[in-house]
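Chain order of the listed sequences is A and B.
First residue of the first sequence? That's 4 in our numbering, and the numbers climb one at a time after it.
First residue of the second sequence? That's 38 in our numbering, and the numbers climb one at a time after it.
Honestly, the hints are just simulated from the structure, not real lab data.
Errors might be hidden in some of the hints.
[To be verified] So, partial list: chain B residues that the calculated Cβ filter (under 8 Å) puts toward chain A:
no., residue
1, P47
2, I59
3, V63
4, G64
5, L68
6, V77
7, E81
8, K83
9, R84
[Stated by the list, open to error] So, partial list: chain B residues that the calculated Cβ filter (under 10 Å) puts toward chain A:
no., residue
10, L50
11, R51
12, V56
13, L58
14, I62
15, L65
16, G67
17, Q76
18, L263
19, R267
[To be verified] Capping the alpha-carbon separation at 30 Å, the derived lysine-lysine pairs in DSSO-like fashion look like this:
no., chain 1, residue 1, chain 2, residue 2
20, B, K538, B, K396
21, B, K538, B, K561
22, B, K338, B, K218
23, B, K234, B, K396
24, A, K212, B, K234
25, B, K218, A, K212
Computed from a predicted model, the values in this text were never measured in an experiment.
Positions of the beta carbon are idealized from the N, C-alpha and C atoms, including for glycine.
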Amino acid sequence: MLKIDRRLIVHFDWTLLLIVLLIIGCGVTTVLSATHSAARPVSSSVVRQLAWAGVGLLAMLAALSFDYRRLESWAYVIYAGALLLLILVPVLGAVGGGSRRWLILGPASLQPSEFIKLALVVALARWLHRMTGDQPLPIRALIVPLALFLPAGLLILRQPDLGTAMVLGLTVASLVLLAGFRVRYVLIALAVIAPALPFVWSHLKPYQKQRLTTFLDPMADPLGAGYHVIQSEIAIGSGQVWGKGFLHGTQSKLNFLPEQHTDFIFSVFAEEWGFIGAMVMLTLYLALLLRCFMVATRAKDAFGTLLAFGITATIFWQVLINLGMATGSLPVVGITLPFVSYGGSSLLALMIGIGLLMNIGMRRFTF
Amino acid sequence: MIPLAQRETPVALRRRLAVFLIATIVGLLGLVSRLWILQVIEGEEKRVLSENNRIRLHRVHATRGTVLDRNGQVVVDSRPSFDAVLVPEDTSNLAVTVENLAQLLQQSSAETQSILHQAKGRPAFQEVVVKRDVNWNDMVALETHQLDLPGVSLTITPRRSYPLGATLSQLLGYVSEVSEKELAADPRYRMGDLIGKTGLERGWESALRGVDGGQQIEVDAVGRKLRVLREVEEVPGNTVTLTVDLEVQAAAERALGERDGSIVALDPTSGEILAYVNHPSYDPNVFAHGVSADEWQRLMKDPHHPLTHRAIQGQYPPGSTFKFIMATAAIEEGVINPFTRIHCGGGVQFGGHYFRCWKKGGHGALDLHEALVQSCDVFFYQLAQRMQIDTIARYARAFGLGMPTGIALEHEKTGTIPDVAWKKKRFHQPWYAGETLSVAIGQGYVTATPLQMANAIATMATGSRFRPHFVKQVATPDGEVIERLGPERTHQLKVRETTLKLVRDALRDVVQSDRGTGKKARLKTVEVAGKTGTSQVVKLGEVRLKAAQIPWQSRDHAWFVAYAPADNPEIAVAAIVEHADGGGGAIAAPAVHDVLDTYFRLREARGKANYAQNRSPADRPL
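Turn these sequences into a full structure, and let the hints steer you where they fit.
Written as structure tokens, this is what we have:
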């Protein structure tokens, strides 16, 4: 039984929905282009992506249908559930591209690492909001955030998925800073984690190490690790100002560009739509993030603010790292471009996140 | 209940949000500027790269490292191989091109099909190797018909070559195309790369492999090379120097001849392998680009088992060579003293069995020294009756038997040193005293590999056991030494010096005395110490048969283990000749003689320094 308050409908964030749908639209057309071939103009990836977007819309509706404050009491349960899924991955998971990231559920496969991002944000918002105030937080309050982050972070690193682990870490750091830890406390926390870095390094796959070292010296391996970046830069650059036009990208058509419908999808987009198109996409992301910040600022309680900001930070870091990597400004780690890259779990998790944001935004006037 | 979340957003929180908002905008602006550079400023340049020209990656395979013997002679090398390759993207009609190619190279249509098939799954700009190692005539044909063969070219890749053929092949191992599993494990490998599969090639893969280089080549629409954009020089593999001396190796190979068996020579003061013979053997060259099914079948079905790595996988009863260990144990444990005399009447009755001595009429009364020199079986049967099997086993293990030597080769067998616990575990039966008698003369359940026996006699010679190793050093192609492998002591005998001296004196007389069973190993210039052995393959009846009367597979193995010089050992040798026409003294001792003779002649000629330089004194702390 869903009791809908009229004020909620009035305050429904149509702008946010429109922005998200536009970005998803960009994504689907780009997936279409990236997987397009004469023999098969519309690939199954496109159909699946659209189906996931539909499921995502329903999930989004579900995520805004209840009062988000109820999440507070469920926060740790949700976190524990997501962590359990993540733990199941190495046990039951399917292997793809050399790592184990997926759980197979009937016709669909689920990537628990996408959902733990959201669950971690909820759990952190619960822990942090009760102590945040005008005073800096004591350093011992960092223990719980670290304890929440580490199991998830390490499990994801083991998959191995360096990119997602990085986004997770950056999101936690952002939230913790926002909650009012002094910068130096966060630095101390990093110093505590720092001894683990050699451990992390030793657990990286050789190709990951190579990508990181290649970033520092891209000339070292133009044939191997540097190849992705070089091809991506050529694809993006060759789009010039106006782009080569929809379905007319050549770099991607000739398979010069690897992983073109997932991690490197922006290169396909920028090749076909040029600088203008890229600016449109960046503007859409900027609008999305501004809207998210607005929700965070206007939320009527600290829990809402922290929750909204956590979701915002996740999206922001993914956009920044993915685009930074596609343009050769950051090392290549596997990370999807929110709402654009092909991938059901990523889309679904993000749309649930947007649903929660809308939830917070709608209820800023209720008591 | 008051909802937990009833807490106003603090002002400070909002202020910090603003800071993050600014950071977000700065981050996005950074991306805008990067895109501006790529698409507007460098856009034209990138467009030229992407549209008119395509970038092709051309890998330049690193030359695999050379392997030298201890004197710098080439053992393994690489030579250039001319491969015909095809880039499917560069040919307008792939089927026609492949057909033309097949005609020129006189390949069958089945092979042609397989090439087409190979080309299908891969990106069109990737080279497909059509034929490896094309000969001169084919090369000329390809060059002259280039116009009919768009997309076809010749590339040079280094190919592994083993100029010595079957020599040392079990130790060197071989290279072959990388497997799916190996590809998944290490992303530096690409399909079709060569990788060390066994032996040195595998164990020192990372040192030998080198780093592939490559070129980023700009090509036009038909695949013609326009210019090289970037180039990375390949780094050739490192040079590995073996401890093996090819001339000693050759002498050992000659000494064994066409007979099946193994000869291992090593430096007892360091564990450096000087010669390593397994016969029969195989030629690793045939594995380099995939062994043919016929060849493989032939190797597998050969009754002489050329693929068995006898030195570390052949588990033979050590026969009488085991007696030097028995002797050490008996003296050290005080079971007998050096003057204890035991009478040999040609055999002993024990537990309903008659255990015979090899000498029909018996040796009469003798002490331990003479028992070793003449290899009297009865003497050792008597020792067995006075000792526990577990005590014997403990000494055998102290000499390194019943366990891997730790040489860096795969699939090393441990041999067997039986004791009470072993029998219980293996057969669920108690140990019977009669079985100790067989063990005392190296028969029964006892087995050892030739390398273990070489190591054991080396331990006897110096009192220390070292891990056998065959790599002396690894150096860059420029000669800069990266790694030097010194001696690694794995055990020091805890046996009185007087005991060792007693046994060593006897071993010297095995060779130096005219009564000794090993006198055929005697050298003119250097004193040799050793022990013969003849091990039964099949338990024969009461009647002794001559070798010629027994089928080949059932004939005894002939053993000889030795070290020299007797007073200051620098080489230890173990030789086994399978199914020999005679005992260790007649068959194996002359073989060891030849190896030692060559070694000492070479040492004289080259000067002792060659061998002495890397030797470490045995008294170096553990």
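Now the hints, each set against the structure:
A least Cβ separation of about 5 Å between P47(B) and chain A falls short of the 8 Å threshold, and the interface hint therefore holds. The closest approach between the C-beta of I59(B) and any C-beta of chain A is roughly 10 Å, which is over the 8 Å cut-off, so the hint fails. Hint on V63(B) is violated. Least Cβ distance to chain A is approximately 10 Å, over the 8 Å limit. At about 5 Å, the closest approach between the beta carbon of G64(B) and any beta carbon in chain A falls short of 8 Å, and the interface hint on this residue holds.
A distance limit of 8 Å between C-beta atoms decides the matter here; for L68(B) the minimum to chain A is near 5 Å, and the interface restraint holds. The beta carbon of V77(B) comes within 6 Å of a beta carbon in chain A, closer than 8 Å, and the hint placing it at the interface holds. Because the beta carbon of E81(B) sits about 7 Å from the nearest beta carbon in chain A, less than 8 Å, this interface hint is met. Hint status for K83(B) relative to chain A: holds, with the closest Cβ pair at about 3 Å, below 8 Å.
Nearest Cβ of chain A to the Cβ of R84(B): about 4 Å, under the 8 Å cut. The hint holds. Interface hint status for L50(B): upheld, as the beta-carbon distance to the closest one in chain A is roughly 6 Å, under 10 Å. With a cut of 10 Å, the hint placing R51(B) at the interface with chain A holds, because the nearest CB-to-CB distance is about 6 Å. A least Cβ separation of about 9 Å between V56(B) and chain A falls short of the 10 Å threshold, and the interface hint therefore holds.
Here the hint on L58(B) is kept, as its CB sits about 5 Å from the closest CB of chain A, short of 10 Å. The interface hint given for I62(B) holds, since its Cβ lies 7 Å from the closest Cβ of chain A, which is under the 10 Å cut-off. Interface restraint check: L65(B) against chain A, minimum CB-CB distance 6 Å, threshold 10 Å, status holds. Among the interface hints, the one on G67(B) holds; its C-beta lies about 8 Å from the nearest C-beta in chain A, closer than the 10 Å criterion.
A hinted interface residue such as Q76(B) counts as satisfied when its beta carbon comes closer than 10 Å to some beta carbon of chain A; here the least separation is about 4 Å, so the hint holds. Taken as an interface hint, L263(B) does not check out: its beta carbon lies about 15 Å from the nearest beta carbon of chain A, beyond 10 Å. Restraint check, R267(B) versus chain A: the minimum CB separation of about 5 Å is within 10 Å; hint holds. Of the supplied pair hints, the one linking K538(B) and K396(B) holds, its CA atoms being roughly 27 Å apart against a limit of 30 Å.
Our distance criterion of 30 Å between C-alpha atoms is met by K538(B) and K561(B), whose separation comes to about 23 Å. Between the alpha carbons of K338(B) and K218(B) the distance comes to roughly 28 Å, so the proposed pair stays at or under 30 Å and holds. For the hint pairing K234(B) with K396(B), the CA-to-CA distance comes to about 48 Å; that exceeds 30 Å, so the pair is violated. Restraint check for K212(A) and K234(B): the C-alpha separation of about 25 Å stays at or below 30 Å, so the hint holds.
Of the pairs offered as hints, the one joining K218(B) and K212(A) holds, with about 20 Å between alpha carbons and a cut-off of 30 Å not exceeded.
Of the numbered hints stated above, those contradicted by the structure are hints 2, 3, 18 and 23, listed in ascending order.
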